[in-house]
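K.L.:
Let the hints inform the model, and build the full structure from the sequences given.
Residues per chain are reported as follows:
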Amino acid sequence: MQRRGFLKFALGGTVGLVASPAIWTTLYDLAYWTQNWGWIPRLQNGEDQSVATVSKLDGTPLKVRVNGGRVIRASGNKENEFSKGGLTPLAASEAQLLYCESRVKRPLKRGPDGGYAYIDWSEAERILKEKTKDAQGSLAFLTADASSSLNDVYSAFTAENGSQDFFFMPSDEQAANHAWRAMGGMGKIGYDIANSDCILSVGANFLDSWGTVAHNRAVFDETHPTDGSEAGQAIYYAGAMQNNTAAVADAWIPVKPGTEEIFLLGILGELAKNSLLVDPAISGLSAQYSPEAAAKACGCTAKQLENVVSALKNASRPLVFAGTAEGQSLGSGVHMLAIAINYMLGRINQDGGLVNLPEQAPLLPSAQSTADILERNFIAFCRQVADGSLAAPKLLFINDANPVYALSPNAKVQECFAKIAYKICFAAHWSETCAECDLVLPIAHGLERFDDVFTPYGSGSINWTLAKPVTEPHYQARPLGELIIALADELGLDLGVSDIPSLLEMRANALGADFQEYLESGATYQEANSAFTLPVISLMPLLTKKAPAKAPEFALHVYTNAAAGNPSTGIPPYANRAIADYQLQEGLCVAQMNKATAEKLGLADKTKAFVETQNGRMPVLVKLYEGIMPDTAAVMAGLGHTEFDRFSVNKGNNILQYTQIDMEAGSDLPVWSGAAKVVKG
Amino acid sequence: MEDKSKEVKPAKSCGCGFGPFLVGLVLALVIGWSVIPSLKLEEKKQPIAFNHTVHIENAGMACEDCHFLREDGTFNGLPDTASCASCHAEAITESEEEKRFINEYVVKGREIRNEWLVYQKQPDNVFFSHAAHSMERCGTCHTEFETTQQLCNVCHLDVASTTEPPVYKENRISTYSVNTMKMPECEACHANPGHYGTTNASNACFVCHK
Amino acid sequence: MAHFKDFTVRYGMVIDLDKCTGCGACMMSCQAENNVAPQEDASNKLRALNWLKVYRLSNGKEYPEHETVFLPRPCMQCGNPSCVTVCPVVATDKNEEGGIVSQVTPRCIGCRYCMASCPYHARYFNWFDPYWPGDLKEALSPDVSTRPRGVVEKCSFCHHRFMKAKDKAIANGEDPLMLPEEAYQTACTEACPNGAIVFGDLNNPEHRVYELKQSPYAFRLLERLGTDPQVYYLSKREWVRRLGDNYLEQEETGKPLQTLLNNSH
Chain A
3 MQRRGFLKFA
13 LGGTVGLVAS
23 PAIWTTLYDL
33 AYWTQNWGWI
43 PRLQNGEDQS
53 VATVSKLDGT
63 PLKVRVNGGR
73 VIRASGNKEN
83 EFSKGGLTPL
93 AASEAQLLYC
103 ESRVKRPLKR
113 GPDGGYAYID
123 WSEAERILKE
133 KTKDAQGSLA
143 FLTADASSSL
153 NDVYSAFTAE
163 NGSQDFFFMP
173 SDEQAANHAW
183 RAMGGMGKIG
193 YDIANSDCIL
203 SVGANFLDSW
213 GTVAHNRAVF
223 DETHPTDGSE
233 AGQAIYYAGA
243 MQNNTAAVAD
253 AWIPVKPGTE
263 EIFLLGILGE
273 LAKNSLLVDP
283 AISGLSAQYS
293 PEAAAKACGC
303 TAKQLENVVS
313 ALKNASRPLV
323 FAGTAEGQSL
333 GSGVHMLAIA
343 INYMLGRINQ
353 DGGLVNLPEQ
363 APLLPSAQST
373 ADILERNFIA
383 FCRQVADGSL
393 AAPKLLFIND
403 ANPVYALSPN
413 AKVQECFAKI
423 AYKICFAAHW
433 SETCAECDLV
443 LPIAHGLERF
453 DDVFTPYGSG
463 SINWTLAKPV
473 TEPHYQARPL
483 GELIIALADE
493 LGLDLGVSDI
503 PSLLEMRANA
513 LGADFQEYLE
523 SGATYQEANS
533 AFTLPVISLM
543 PLLTKKAPAK
553 APEFALHVYT
563 NAAAGNPSTG
573 IPPYANRAIA
583 DYQLQEGLCV
593 AQMNKATAEK
603 LGLADKTKAF
613 VETQNGRMPV
623 LVKLYEGIMP
633 DTAAVMAGLG
643 HTEFDRFSVN
653 KGNNILQYTQ
663 IDMEAGSDLP
673 VWSGAAKVVK
683 G
Chain B
1149 MEDKSKEVKP
1159 AKSCGCGFGP
1169 FLVGLVLALV
1179 IGWSVIPSLK
1189 LEEKKQPIAF
1199 NHTVHIENAG
1209 MACEDCHFLR
1219 EDGTFNGLPD
1229 TASCASCHAE
1239 AITESEEEKR
1249 FINEYVVKGR
1259 EIRNEWLVYQ
1269 KQPDNVFFSH
1279 AAHSMERCGT
1289 CHTEFETTQQ
1299 LCNVCHLDVA
1309 STTEPPVYKE
1319 NRISTYSVNT
1329 MKMPECEACH
1339 ANPGHYGTTN
1349 ASNACFVCHK
Chain C
3 MAHFKDFTVR
13 YGMVIDLDKC
23 TGCGACMMSC
33 QAENNVAPQE
43 DASNKLRALN
53 WLKVYRLSNG
63 KEYPEHETVF
73 LPRPCMQCGN
83 PSCVTVCPVV
93 ATDKNEEGGI
103 VSQVTPRCIG
113 CRYCMASCPY
123 HARYFNWFDP
133 YWPGDLKEAL
143 SPDVSTRPRG
153 VVEKCSFCHH
163 RFMKAKDKAI
173 ANGEDPLMLP
183 EEAYQTACTE
193 ACPNGAIVFG
203 DLNNPEHRVY
213 ELKQSPYAFR
223 LLERLGTDPQ
233 VYYLSKREWV
243 RRLGDNYLEQ
253 EETGKPLQTL
263 LNNSH
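Residue numbers (our numbering), protein chains in the order written: chain A, 3 to 683; chain B, 1149 to 1358; chain C, 3 to 267.
There may be inaccurate statements among the hints.
[Said to hold, decoys possible] Looking from chain C toward chain A, a few residues come up when the C-beta cut is under 7 Å (computed): (1) 29; (2) 33; (3) 47; (4) 64; (5) 97; (6) 135; (7) 136; (8) 139; (9) 140; (10) 144; (11) 216; (12) 220.
FYI, nobody ran anything at the bench for these hints, they're computed from the structure. Every residue gets a Cβ at the ideal spot worked out from N, C-alpha and C, and that includes glycine.
P.N.:
Following this line, the structure appears as structure tokens:
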């Protein structure tokens, strides 16, 4: 064929192609292709299911959407009377925490070189059995979750192994219950927030992360109508920072970290002035703190203090309580004073006051009572083991707790760990503590197991919500409760229960609740506070209490943010956006302070500085915020993880490793101290 | 010179006329109309050779027994393994395909619905409401639809009378099924001014997109 | 002022700022509900993407006069949306009953005119392809399509929930345009444990927002621009209401738009 012929052929071909749909439909197809890039996940659609359960992270009742077997997201449970459908940022992350990269997927064993290798469950079970057998009588067990009935299984297991060393992570709850019992309370301390018309919270961020948050906030919603009509509950928040609770409170009373006791003494003294209930304990202790003196020490004005007192006096159902950020504690002194104030106001065992939640008998014969467990002090234990005054246990079980991250060097966790021959971490997420253990076993996430939330700290009545699995455990995770029961069987120990659902049924029976009904509905069982006899509140402990320490010149306020997760979860995937962007810079925490403070220290906004404590120097970025009292810097905890996943690692820095932990005189309870300095970088 | 040059040029023996043009044209038309479209399409078989006719005629089932609107307004387009198993827990006919379904899906608990290929499958960004396109709503004016089936067949393949499922053809580039309705077909009704005021079916983006 | 288009049903929010504690539950729910990919580096404000964002407001005074308020900011679903008028490809529009400003990402060409025109910073550009590391994509909702990089997206008032609610109404023989308040609620509204967000049809006297938007404490953001937002805020604090717009020192808050219009005629 010659050139001209070829051209004609080509022309014919072109005309033919143009006249055919090939080019045009291909362009069309390409357009569709660009709308559905192959590397972007496609949606899957299955049948929708809504399963009622409860968040094991903060006790928020949930409705979990499951679509074609996939857990889509956690929402609040509108039918639940306890929370009225509210959701907390942490509970909202449940589905994402179930699937996130930090999940421990298979059993891991640490080799001699310090590296971890995957092992089979059969081998893991063998090691578990062998180590437990060897450690007979020398087993310690630490758990982060104090509100689960499964603690009966764990503590029974510990006891059956000949040990009493069953611990909760240190918390406000321990200190408050210590105070409650020291002063004559019989069961657990309860706060009837729902029925109070005037609340004074000293340091407890109860509308964000303290106590039964979802419930507290449902109460807040009910008592604060959106239509602008009169609020049914006055809220006074005393603390160093204008935080989430303070933002909606009727008044924010600045109280410097470390002076909470003085503030409460000031209130107590003012109340005692015209009271018929003049007690030598009170007048003696509070005499040195006139409103003026107390206010001066705390950093507020006498007027503010007096206003609170008159609000409390004029209210018909006032309630006063103290608290700290999650995972911290101020010791028992503040709680004793808060109890004394409630006593002065006649608010012990009253509707909307401090209530005595009757002690619940353990469900299993060898289980330890919650009261006994709360009396046990993990930090004291660690310190004693570390300095050799207590024999180190041969074996340590850790259930989803992260003491390595959450406790400062004062707690001597690392030194204690070094003396324990074998440490086994049962964890859903790979934490800093996992990285210090010899064996790490994947356990079921809260949405993958039977569990419950039983009268968590901050409750105003005995209450109980069942958690049930909304999905089979993912990866190779197993529910810890079942694992421990199976291990006990293997070792020939009788815990008195065959599986977790029957344990939970025992709880239901003990309460007189219908197990099946609560399992289906995800409702919260609530016991009415019966008019039980008034416990004799003894003010004796106050007499023996030493006068509080002087106000520090400069103080550090370490706060938590519910969105940032807890030490056991790390920062949940979606939470990064809910944390201020300036908080997330690599290796750098933010110290918020007001302008006057910064000027005094020679610091300016966005400059670098150091927070100096007994435990070292931490680089910080200065951020001016006028919602912080003078001579105080506020630093957010929950950041600076070195483990977990990409959403947690290297976001900010971990202030918890720098905060000073002291032991309270008398009770030996840990006190998170605000002692610190901020110096120029 | 001029004459000479004329003589030198040989007469064309080929390259003249429409021959090559026509060859090219025909070839391109064949390629453009048939070869390329078929190359673009990937044929897939349904996981089970489901026989609609047998179920309707022999078993006396109605369309709505499997394809129905749920109470929450969503559409149960395909039955799940469990609802098939309500009759086919054990073999009730001699059919090999039924045996295979029972062994592969019912016994193993595999979900047939996840594997079935939907001829009209819309991409992720489209929300189609079966509830809104019901006989009660469309049929009020469009009396040409005598049965629901006729209305369904405006968009769907008429599979009711088939004894085995039609071959599913997927475009390799767009990954859409060839039977998927594209936007112009939706707009044939939605952008039709005759619908305004009668239905809520405007041509607004959020009527169909998500 | 004339609306861009009149609707029988106009969905809107009334957010009580005196009840918001800024916890972020609404933001978390929003992301999960709408398949917004998690962001590894959220410290980069310029590249961040939030359909709903909670701002911490300050009265600007120094300690101890300082006050803090938290303000959640969804898309305002303006009555006169400036984003719609500038879009060259009609990827965003406001033309459906419900009065929600639509955003169809497959149609968006990523020119970002709408972002420049939006006075509320409610629109965000996808600088990156969405990425759900590990098995996080298992938790993707089937209700909202995923968006590639290079397009703009924004809050849709959980429009898919509106579609579902309408379908449910149709299936039950009810009028899809006269939905009861609880039939259609956004994810953030549902999530808020304080009940700070109230959502409903602004035109329907049976919905709570109808009354609430007329409260003397109600205000809208930059309403004197004439955007006619469908999101109202409530606060008993005067300084918060003043932050809603650029007021002159002596100027009072209240019904500023009306005053402005009266003066101009």
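K.L.:
Run every hint past the structure and note whether it holds.
P.N.:
Hints versus structure:
no. : hint : verdict
1   : 29   : holds, 5 Å
2   : 33   : holds, 4 Å
3   : 47   : holds, 5 Å
4   : 64   : holds, 5 Å
5   : 97   : violated, 21 Å
6   : 135  : holds, 5 Å
7   : 136  : holds, 4 Å
8   : 139  : holds, 4 Å
9   : 140  : holds, 5 Å
10  : 144  : holds, 4 Å
11  : 216  : violated, 11 Å
12  : 220  : violated, 9 Å
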